[in-house]
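All chains should be built: construct the whole structure from the sequences, respecting the hints.
Each residue of the sequence shown is one higher than the last, beginning at 130 in the working numbering.
It should be emphasised that the hints constitute simulated quantities derived from the structure, not laboratory data. Please note: incorrect hints may appear among the correct ones.
[To be verified] Think about it this way: if two alpha-carbon atoms lie no more than 30 Å apart in a straight line, the pair counts; the simulated DSS-like pairs of lysine-lysine are:
#	residue 1	residue 2
1	369	343
2	369	266
3	141	286
4	302	392
5	415	266
6	343	408
7	137	269
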Amino acid sequence: METSEIIKKVRKIEIKARGLSSNIFAGQYHSAFKGRGMAFSEVREYQFGDDVRDIDWNVTARFHRPYVKVFEEERELTVMLLVDVSGSLDFGTQKQMKRDMVTEIAATIAFSAIQNNDKIGVVFFSDKIEKYIPPKKGRKHILYIIREMLDFQPESKRTDVNQAVEFLSSVQKRRTTAFILSDFFVRNNFMQSLQIANRKHDVVAIQVYDQRAKELPDVGLMKVVDAETGFEQYVDTGSKKLRESYRKYWMDRQSELSEIFNKSNVDNISIATNDDFVKSLLMLFKQRS
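As structure tokens, then:
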């Protein structure tokens, strides 16, 4: 992609994402994703009903009357975007490719994060860690992230979510809010690593899929290609049995994913490329508020 074209795309995404985060998501994001703990704020005189465990004994001894420590929610978060850059994201039969929607969602979350004074970092993953961008604040940092998402070329086309969540726990020692953005077109089970990661961090899964992954159109003979392995074959979409089998495969796969997320206690949403991701994100945020 030409540099001028990338700049135009970055600017277009920035305008949309900043508008959404300012006008719609900022307040919802703030209430949905709480601070990582309680931070000391000040001391004041003890009042009836205060927890005796909060008494500051040094200050109490100095002034010969009890004082307690006052704590406030530590609002600043570190937000990590775990972005799937495997081959299957380069697919779309509706309004846009899956990768385009992932980029817009990631940008919206990123701008919502910095409006709440949070740091934002990114992990690009396939079946390995392709690139790590450490968490920072600021508009320039987000524009750099968007530019990378638009132009990044992964070394591998396959997907392994285990790699992403295990890497998250290894690089982020303090509690982090992490969004996994993927189509979850995976061949291995990642429940154990997800459970371990979600005990330490607050993990949210956002699945982006294309309608054609859900059901085949009746258009006769069609060549299909596995974007991750390159395997090609012709299928007869005129066969009702084949279309029903394909749909059953999709439903079974979604059931497996739901089970993984539920057993891992991970909040999740699924968004089709022809859906309005704004409504889906708002629904996710409201569920967590």
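(message) Checking each numbered hint in turn, tell me which of them this model violates, lowest number first.
(response) Per hint list: single violation, 2.
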